[in-house]
Amino acid sequence: MKTLAKKDLVDVLRYWTGHCTVMTPGRKSHDEIVFDEFDEATFTLDYRKPSLPPKSSCLPQSETIFQVDSGTYEPRISEAKVLLFGIRACDMTGILQSKSFMTADTDDVFYRARAENLATVVMACSGPQNETCFCTTTRSGPFSKQGFDLQFYDVGDSFLVEIGSDKGAVLASAKGFAEADDEAARKRVELFRHEAQGRIALLPEVSQAMERLERGGVSEELWDKFGSKCIVCGGCTYVCPTCTCFNVADRHSGNGGGERIRTWDACLYAGFTKEASGHNPRKTQGLRIKRRHEHKLLYYTDRDTHEGLCTCVGCGRCSDYCPVHIGTIEVVKAIAGEQS
Amino acid sequence: MTNSINEFEDADLFFVTGTNTTAQHPLIGSRMINAVQQGAKLILVDPREIQLAGFATLHLRQNIGTDVAVMNGIMQVIIEEALYDREFVEKRTEGFEELKSVVSRYTPRVVEQITGIKAADIVAAARLYAEADKAMIVYAMGITQHVTGTDNVKTCANLAMLTGHVGRPGTGVNPLRGQNNVQGACDMGALPVVYTGYQKVIDPAVKTKFEQAWQVEGLDDKAGLTITSMMAAAQRGDLKALYIMGENPLMSDPDTRHIELALSNLDFLVVQDIFLTETASLADVVLPAASFAEKSGTYTNTERRVQISHKAVEPPGQARADWEIIQEVCRRAGYPMDYRSPDDILQEINRVTPSYAGITLDRVEKEFGLQWPCPNEDHPGTAYLHKDKFTKGLGTFLPCDFKPLAEVPDEEYDFILTTGRVYYQYHTGTMSRRIELLEREAPEAVVEVNPDDARRLGIRNNDRVELSSRRGTITLKAEITQRVPHKVVFSTFHFREAQVNLLTNPAHDPVSGIPEYKGCAVKIRRCA
Numbered sequence: 041m042k043t044l045a046k047k048d049l050v051d052v053l054r055y056w057t058g059h060c061t062v063m064t065p066g067r068k069s070h071d072e073i074v075f076d077e078f079d080e081a082t083f084t085l086d087y088r089k090p091s092l093p094p095k096s097s098c099l100p101q102s103e104t105i106f107q108v109d110s111g112t113y114e115p116r117i118s119e120a121k122v123l124l125f126g127i128r129a130c131d132m133t134g135i136l137q138s139k140s141f142m143t144a145d146t147d148d149v150f151y152r153a154r155a156e157n158l159a160t161v162v163m164a165c166s167g168p169q170n171e172t173c174f175c176t177t178t179r180s181g182p183f184s185k186q187g188f189d190l191q192f193y194d195v196g197d198s199f200l201v202e203i204g205s206d207k208g209a210v211l212a213s214a215k216g217f218a219e220a221d222d223e224a225a226r227k228r229v230e231l232f233r234h235e236a237q238g239r240i241a242l243l244p245e246v247s248q249a250m251e252r253l254e255r256g257g258v259s260e261e262l263w264d265k266f267g268s269k270c271i272v273c274g275g276c277t278y279v280c281p282t283c284t285c286f287n288v289a290d291r292h293s294g295n296g297g298g299e300r301i302r303t304w305d306a307c308l309y310a311g312f313t314k315e316a317s318g319h320n321p322r323k324t325q326g327l328r329i330k331r332r333h334e335h336k337l338l339y340y341t342d343r344d345t346h347e348g349l350c351t352c353v354g355c356g357r358c359s360d361y362c363p364v365h366i367g368t369i370e371v372v373k374a375i376a377g378e379q380s
Numbered sequence: 012m013t014n015s016i017n018e019f020e021d022a023d024l025f026f027v028t029g030t031n032t033t034a035q036h037p038l039i040g041s042r043m044i045n046a047v048q049q050g051a052k053l054i055l056v057d058p059r060e061i062q063l064a065g066f067a068t069l070h071l072r073q074n075i076g077t078d079v080a081v082m083n084g085i086m087q088v089i090i091e092e093a094l095y096d097r098e099f100v101e102k103r104t105e106g107f108e109e110l111k112s113v114v115s116r117y118t119p120r121v122v123e124q125i126t127g128i129k130a131a132d133i134v135a136a137a138r139l140y141a142e143a144d145k146a147m148i149v150y151a152m153g154i155t156q157h158v159t160g161t162d163n164v165k166t167c168a169n170l171a172m173l174t175g176h177v178g179r180p181g182t183g184v185n186p187l188r189g190q191n192n193v194q195g196a197c198d199m200g201a202l203p204v205v206y207t208g209y210q211k212v213i214d215p216a217v218k219t220k221f222e223q224a225w226q227v228e229g230l231d232d233k234a235g236l237t238i239t240s241m242m243a244a245a246q247r248g249d250l251k252a253l254y255i256m257g258e259n260p261l262m263s264d265p266d267t268r269h270i271e272l273a274l275s276n277l278d279f280l281v282v283q284d285i286f287l288t289e290t291a292s293l294a295d296v297v298l299p300a301a302s303f304a305e306k307s308g309t310y311t312n313t314e315r316r317v318q319i320s321h322k323a324v325e326p327p328g329q330a331r332a333d334w335e336i337i338q339e340v341c342r343r344a345g346y347p348m349d350y351r352s353p354d355d356i357l358q359e360i361n362r363v364t365p366s367y368a369g370i371t372l373d374r375v376e377k378e379f380g381l382q383w384p385c386p387n388e389d390h391p392g393t394a395y396l397h398k399d400k401f402t403k404g405l406g407t408f409l410p411c412d413f414k415p416l417a418e419v420p421d422e423e424y425d426f427i428l429t430t431g432r433v434y435y436q437y438h439t440g441t442m443s444r445r446i447e448l449l450e451r452e453a454p455e456a457v458v459e460v461n462p463d464d465a466r467r468l469g470i471r472n473n474d475r476v477e478l479s480s481r482r483g484t485i486t487l488k489a490e491i492t493q494r495v496p497h498k499v500v501f502s503t504f505h506f507r508e509a510q511v512n513l514l515t516n517p518a519h520d521p522v523s524g525i526p527e528y529k530g531c532a533v534k535i536r537r538c539a
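Residue numbers (the working numbering), protein chains in the order written: chain A, 41 to 380; chain B, 12 to 539.
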């Protein structure tokens, strides 16, 4: 355990920028909180849950994965070193879950390169960031138990800093950090965790819905009802920390060369599952919504959960942003409330 | 729109016609769905069973092109049953007797004959609409793209005024504009009859005002030509040159074969666009324009909100912002146009446009945009129009009689083709067809055919069919679906491989010049 005075934080961030790209929360125009390259003018510690999870640090919204030119092939494997400062525990769990999903069965070299070059500094939450947080239910917050390099606990004028890896130890060797490996500091962190956990209400419907799905007891009408109002924007998948599906396309440059790109995709789109024959195994919007939620609540392996309950990390963003209220919270409540 | 997008969540009733809202304005569609789930009512008047039909209290599937008759029928019932807003009609409108005399002929039984909607449903719709506290009329191109487009719009306005559903939050007549800045383009006078803010070119005082503002003499005081008249004039040889910006008439205008003849007949064609469109391929000069992300400026959206947009990346190659290209062309032509920035232009807009006078760069930057009219810098902008008083004083009822489609089906061309769009493609596909994911979702033109018609014609799902009108023939894939009624087929104009506008009828509204994209006679058969 280390400690860092708040007044020294900006110096530390500035120091880290000499070694890697440092991404921090910033307050941009119209009070929008955006994770962006560290900029003293907009940097803030007064932020809640950023609109987007940090998944683009490992899976950019759009990226070139290789380029070809007459006779040459050049993979584009990122070597950029990136540090995420101040991410939330739910998003840390999202990174862990996505990393094993993307690299364990099939090694996605493009993803792995970025993930291995990533350093993470978690800012433990002292309570819910807004009314849709349910990380205590999904066991993915309000503080991280694994995977982080450093974890900060805001204790007033200073932070207590937990070191989670060798990489974290190096980061915490910067000027400003002081040793705090004493009983008082450990007690202070325990208290912080205990209080934070107590402030975030449990959402028992999640486990109830998981059980119901396991038993196959959810009616098709329930999914059709959600499907009938879905406007197919795909936004729930874009704001989800654990949605990593992508589309691959080739762009020709016109002179025998070109590039292969990949972009975020969404299982909510009919074309995602449509087969060459025109047949679509998920032929209605209801079935596509069902598939998405089953992937979070039913179809996952213990390898990927990293002590979480499932592969939903309880950040609540899908419920925050779905224009027609088809977020995980609404879905699990509907499932749990259905007469069996 | 007379009213604002946020008001959708609080309305009690929506009268939705000629808009596939969830597909074309999905965030407005989502607000309607949320409102309906909270108890609001939805009257949908649309021949097709679109997504909103699943949320409709009443879905009236009218025969195509009978919108005036539908709304006249509703007004007849409202007057007959004395459900209209007597106080509003007396204090704020004129011409009620004329309206009454015209709509009195449209009894539910007569309307049923014309529109195919059951008389009882007309009565039910009339009662629901008139008795709602806050009712919004919402329409899009299904209302305007008819030879009777202007009549359709007037009739929507008559219905709203008759019931006092105007001038309050959650009411009004709300055309959903199809592009991010089509409202702005009209506001800025990109129309043949007006300068900015709808100041008429034929008004001598307006002429003088702009001559002074621009330090020129002899501005033209005659109305110009609409697009449809330009094409006809080009074909006759009366129009010699065209300068087309951000428009692809070779795909988007009706009876495209004639458009091609018209454009080929010009002495000189300039096209300014972000990509080499079908139309640009015919041009003598192509001017590469910057896209939205490569320039700064403002857009005015469907709720009259002027919003700022900042340049994010530099334009590629020789591309420049439209205003820079126009300025350079003007300079070469001998007029010393000298704007330094989009803000310079906005300041001139402020000076010459009363409704935009208070909409400054500083304010739109700080305040999430501003809705016009905004006559001075202290004015907060206007969320809804016609509060207490119409712009012209009293609102005049302009009753219209029903007129049929310009081309009705006959023995040979026995189907009505109605055209529109799909969610994943945008207009002529200039932009959206370059996006791989959108192409995956909607890769080709499809014609929707009703199952009973398909069975009779021996057409199966995904069969290729030949669709012909008096003007041309295209082949495309059939989708067999209940979404379209009997004897109606639907397709879209996004795909150059099956250009639906080779078939559409160039007959147009006499006032606005808008063509009748929403209904022409076709025949359909399975390809051998």
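Hints should not be assumed to be uniformly reliable.
[Said to hold, decoys possible] Every beta carbon over 10 Å from chain B, so not counted as near; a handful from chain A, in silico:
#1 115
#2 176
#3 194
#4 297
#5 343
#6 364
[Said to hold, decoys possible] No farther apart than 30 Å at their CA atoms in a straight line, the calculated lysine-lysine pairs in the DSS-like style are these:
#7 A:373 with B:52
#8 B:233 with B:403
#9 B:52 with A:89
#10 B:211 with A:314
#11 B:498 with B:165
#12 B:233 with B:165
#13 B:145 with A:68
#14 A:323 with B:129
#15 B:488 with B:211
#16 A:185 with A:47
#17 B:145 with A:265
#18 A:227 with A:207
#19 A:265 with B:129
#20 A:68 with B:165
#21 A:47 with A:314
#22 A:323 with B:498
#23 A:265 with B:52
#24 B:218 with A:121
#25 A:89 with B:322
#26 A:314 with A:46
These aren't lab readings, by the way, just hints derived from the structure by calculation. Positions of the beta carbon are idealized from the N, C-alpha and C atoms, including for glycine.
Which of the numbered hints above does this structure break?
-> 6, 9, 10, 13, 14, 15, 20, 21, 24 and 26
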